[in-house]
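S.K.: When you get a sec, could you build the whole thing from the sequences and use the hints?
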Amino acid sequence: MSELLVKNACVIDPLRGINAETMDIAIRDGRIVEEVSGAAEVIDARGMLTMPGGVDSHTHICGTKVNFGRYMSPEDMRAGRTPRRGPMHATSGYSVPTTYGNSYRYSVMGYTTLLEGAMAPLEARHTHEEFIYTPLQDTMANTLFDGNWAIMEAIRDGDTKRVAAIIAWTLRAVKGFGVKLTNPGGTEAWQWGKNVSCIRDPVPYFEVTPAEIIRSIVEANELLHLPHSVHLHCNNLGTPGNYTCTLGSFGLIPDLNPKRQTLYATHVQYHAYGGSGWKDFCSKSEPIANFVNMRPQIVIDMGQVMFGRTTTMTADGPMEFNLYRLHHDKWSNHDVELETGSGIIPVVYRRKNLVNSIMWAIGLELALLTKSPWQCLLTTDNPNGAPFVKYPEIIALLMSKRYRDAEFATVHPDTGSRVPLPAIERELDWYEIAVMTRAGQAKALGIQEIGKGHLGPGAYADVAVYPIRIDDVDPSVDYQKVIEAFGQTEYTIKRGRVVARRGECVVDGSNATFWVKPRVSEAYDMGKDPDFIEKFDRYYTVRMRNYPVQEEYLNRNRCIETEAEI
Amino acid sequence: MKVTLVMKPATKSFIPIEAESIVPKNFLAGTDLSVWRGNRELRLDEVFSISVEGDADRVEDVEVVLSGDTSRLKRVGEYMDGGKITILGGIGMHCGNFMSDGTIEVHGNADGWLGREMAGGTIICRGDAADYCASGYRGGRKGMTGGTVEVFGRAGDFLAESIAAGTVIVHGDAGDMAGAEMHGGTLVVHGNCSRPAANMKSGSCYVFGTAQGMLPTFRKVGTIQHEGRTLIQFTGDIANRGKGNLFVKDYKYLD
Amino acid sequence: MIVKDAVCPFCGCLCDDIEVEVEGGRVVAVTNACELGTTKFMGEKRMKNPILRDGNQWKEITCDEAVRYAADMLLDAERPLLYGWSGTHGEAQCVGVHMAELVRGVIDNTSSVCHGPSILAIQEVGHPGCTLGVVKNRADLVIYWGSNPIDAHPRHLSRYTRYAEGFFLENAFRDRKVIVVDVRRTETAEIADEFVQIKPGGDYAVLSALRAIVQGKTETIPRTVAGVTREQLVRVANLCKSAKFGAVYFGLGLTMTRGKYKNIRNAIELVSELSRHTKFTISAMRGHYNVYGSNEVNTWMTGYPFGIDFSRGIAFYNPGETTAVDILARKECDAALIVGSDPAAHFPRRCLEHLSEIPVVQLDPYPNATTAFCNVQIPVAVTGIDAEGTAYRMDGVPIRTRKVLSSDYLSDREVLLQMYTLMQEAKGQ
Amino acid sequence: MTYLMLTGRTVNQGVTVENKTSAEYAAETSTCFMHEFDMLELGLDNGDTIRVTGPCGEVVMRAVMSEEVGMGTVFVPYGPYANHVVAADTHSTGMPDFKSHQVEIEPTDEEPKRVHELMEDLGGLAYDR
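Protein chains in written order, with the numbering used here: chain C, 14 to 579; chain B, -18 to 236; chain W, 7 to 435; chain V, 1397 to 1525.
Just so you know, these hints were derived from the structure itself, not from any lab.
A hint or two may mislead.
As the list claims (entries may be wrong) - Estimated spans, in silico, between C-beta atoms of each pair:
(1) B/Gly11 - C/Asp342: 55 to 61 angstroms
(2) B/Tyr60 - W/Asp70: 24 to 30 angstroms
(3) C/Asp550 - V/Glu1437: 52 to 58 angstroms
(4) B/His207 - W/Arg282: 54 to 60 angstroms
(5) C/His341 - B/Ser15: 40 to 46 angstroms
(6) V/Gly1519 - W/Gln435: 35 to 41 angstroms
(7) V/Glu1507 - B/Tyr60: 56 to 62 angstroms
(8) W/Gln435 - C/Arg510: 17 to 23 angstroms
(9) W/Glu193 - C/Gly321: 39 to 45 angstroms
Ideal Cβ placement from N, Cα and C applies to all residues, glycine included.
M.R.: As structure tokens, then:
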């Protein structure tokens, strides 16, 4: 039995409605408990800001595409190299660090739970292998269904239950967590070098539209009672005027789940563009945020862009090719048979560039114009908008109008006429930041019930203690202190153990992977469906028996079983 | 101030020594520096006999002279920002990497990556320079961005790869793929070389000898007079939508 | 006993439809595999016990002694080289990386002498690729450039290209065109619809010419380029542009010839150019079993796919300097651990001369050419036969290999973990 | 006479590669495939032994006629024989010129060595003769 007591913590725990109360946190054997014995190890938090461990509900840290980003970028690897030191292994990389680099840097910032945003089912084993070497965070993987042949055929046949059955079989097989749609239909079209422009374009051959794919999979997701909602990367990312497509996609979504949203729309910054081309490119954050404000069934994340060098990577292959044609730097693409694809290019976001400046503003606007912090979560779509190490700066920008104005003065001079940002006075408070970086993310992922994202008794003892006393600091003025505090915890506690202390990781760690197993009736077990099996055998290049990810790839894991309605 | 470093005969002669600490600036604070042989850290005086004459307050007044068998000494002059390094013999890989100012003179031959990603200053090599002289780094877009490298002997393959600015002059022959991916700057080869300026985007490449294996994707423009020579002018590499200039005395396709 | 859906441990195709019949602890029959895979499954003549070179003879030692020897050798070295890795599974490769990091050595894999140049090219311009099934189901044009699958990847043609059925091809054999580009008229060239024979060393020029022609700049191109007529080049460019889905598979014909990675870079840039007109992909014909896996493992753990030097604690990468052939030829290492490869058969002689001068430990099931240079060899289970683990197919698809029989041999991972444990203890961790 | 030597994979090299002490592996990897006319010029019959001299050494192989190689080019399966003459220079890329080596070829009466003999010539000690 191991016990730990974090005393005199200034706790913000939004899922329990606790806002800056000084209290003690008792921990036994990795869980929060009511109280511990006198033998417990004691950490005196001395009034420091203490929150549940950070949760990132959309990041790219592990798997085929991320690793290819590393593989093709030795020039990125040169930045951020550290030697093996104590329990810490060597690390390399800035925008796409090694797995240890990701894990240590996230841990130092207080993050204990990460969702890999896009896993191709055929290559799931790779993601899980890298999870093992991401030791200081619990992990889960969104599984890509955007160009799944069997699902598109079922949709064409109008059989939503079959769609659900295929999702159930696949999630179980690949040990996935949630359902991800990246440019639905577009990734299949891209395997012919084509794309879909918005939700009403039919997918070549399959003759279903993105709208049909979204609708059907949203319904299937709820039939399966998955913890997380459908996680959507809308069509038409990154193009001027795409906000109408985004609003059209949002408009498809009914409110089907009382506990959480029905749609999680990711990196909406990239989908909130006005204008008819780059010349009149402008922000359309207002209509998007207004729409979200009226629709509790929708949660978005920012996809904030920060200036500097990074690497973009997404399953959205055609979008990456368009970016490549703009930048003409290196370009990688990886189409995955019968399922999806991905693309990668390095980019530099520059303050002197008008489009980049507008993008930077849009992300902030979405966070500031969305009334409820539970509906707009803080991300950069790491590393697409910026590496996650920029989160502290984003927090400070959201908390300080003064900081925003100071930064705004350095961006392209024409930005002001294209974005509403300068007129927005709102400054988020500590509680709202806690929602956007852990509580809201846990709720959106549907993992609060299994003990993530809060500090209630029974929860996982994942705690971040930041070296800042919120009564002493006015974030709108002392934004530099906010950046420093969120950049490096005093203590990061993961499953009851101190894993990071003032910038150093102190244990080797061992993560857990969360995955979902929906229980379906015999009739909907795709593993026994003759048509499914026959097509699998004919068109995949791996045998169906060799497809599922074995238990060996989950060293410590938690399977979330759901009772499906099929 | 003149710092003389005489390399002691080595026991494990084949393990290279990395000596990025040997830059003039560092000697302003003394000679208490270290170098690495493989994974072992050694004091500078374990590897060199050190003598210092005079003193200096500014890096411009520091000259470091290296002698002995320095042909396996790597990374000398890395990030050098002023002063002078004179190497009486040959020098190992990565001499003058990232250099921004000052002068390095190598009297013998230089091993690979001489002046890699150099941004300014001057490197003179009296002997031959091996592969990747004045080049970039793996995966990087920009190689050399400024300064001058002059080699009086021959140069190896991939000379001035990805050069973006600055000048590289080779008095002897150069190897294969000289000036590959060039997108700025000037490359001059007095002798022959093969497949010059492959995939070039911009910049100027001069070959006063014969361009062997001349690539088929350069468009002949005419002839020019250059420093008393008649050179044939090409533009390209059209495969890469390039608009660079390639001037050669003579050329031969692999037809 | 018959093991179904076993994974072939020979080449980068990782065919996973193999049936292996086992009787009395021996493989007696193999179905579906090519000749290369069948022979590998049925391999015999394993080394029985660890051996130690003692002057001019060999003596058998225990596994513990052998492991201790290896650990001490690596701990004592100033610049140990940990080389090979393609013949083993990812789980063992991970231990290898941790060992290299701990003793501050250089870790390199066999890609430095196969597709290392392809990786260098990808690092310059990226890689538009896809999984093998995408090609099988869609490609109406396949180009084998400097690769000879009939000899090196015998089932590539039947599983994915020439003879494979495809979802979007009505009659795959008729509707799919195959172009072969090579300096030799190989057997693969014989089954092509179009064979382009290039003069040795001419690939780069031909690729450049094709890029220009695809852009419509045919007039600049000389009448022949490296032995290929302009007419043929135009024909090939038109075939490419009119394809609905084109796939290039290139081999060591591009990586091992003059220009090395620049050839691949040019091929990738041709494909990127063609992507403006139609769908095109390009992929390397990875040869040695799990070589791609060792690139993947190295990349997520160190940031670089091969040739990683930890001498200074941090990972330094510079192929040509930190790669095995260069290090050995320049005598820049003072010990070598070889796992899952046979450098003595595949490296130039000068490298072997240095191997004979330094302590060498090898993990390999069989006596091989490198055995002659070993101070210690530890026989291990054959990955994919009596050991299981993860291997990455040439297109990046990770597959778990099946164990088809049991043996008393330890796996590479088990032996390496023992070494690593000793090394950690010695380092006080 | 000077030829361009290419090395590469063959099926026979592949099936014997895990059994390097076998006569079959030695036979396959010591085969030098040549154009008919080149063999005529050197007065070689199929299976005759030849001395191949490269930039860093020489080795005895057997000449075998092949329609796959052009005149002036010879092909040798990957292995210790070819590598006995291949130079270790990689042009600083990590990769030797396995497919672009100039070699001299002349007829000889000597027999090809066995693999372990080649290894012992370079300082190794054969384990399994």
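S.K.: None of the hints should be skipped; say for each whether it holds.
M.R.: Hint check results:
1. Evaluation of the 55 to 61 angstroms hint for B/Gly11 and C/Asp342 yields a failure: the beta carbon distance comes to about 44 angstroms.
2. At about 47 angstroms, the beta-carbon gap between B/Tyr60 and W/Asp70 misses the expected band of 24 to 30 angstroms.
3. For C/Asp550 paired with V/Glu1437, a C-beta distance near 55 angstroms keeps the hint of 52 to 58 angstroms intact.
4. Our hint of 54 to 60 angstroms for B/His207 and W/Arg282 is violated, since their Cβ atoms are close to 37 angstroms apart.
5. A C-beta distance of roughly 43 angstroms is found between C/His341 and B/Ser15, which places it inside the suggested range of 40 to 46 angstroms.
6. A beta carbon spacing of about 36 angstroms between V/Gly1519 and W/Gln435 agrees with the range 35 to 41 angstroms that was offered as a hint.
7. Between V/Glu1507 and B/Tyr60, the C-beta spacing of about 58 angstroms keeps the proposed range 56 to 62 angstroms intact.
8. Between W/Gln435 and C/Arg510 the C-beta distance comes to about 18 angstroms, which sits within the given range of 17 to 23 angstroms.
9. At about 52 angstroms, the beta-carbon gap between W/Glu193 and C/Gly321 misses the expected band of 39 to 45 angstroms.
Violated hints for the displayed structure, listed by number in ascending order: 1, 2, 4 and 9.
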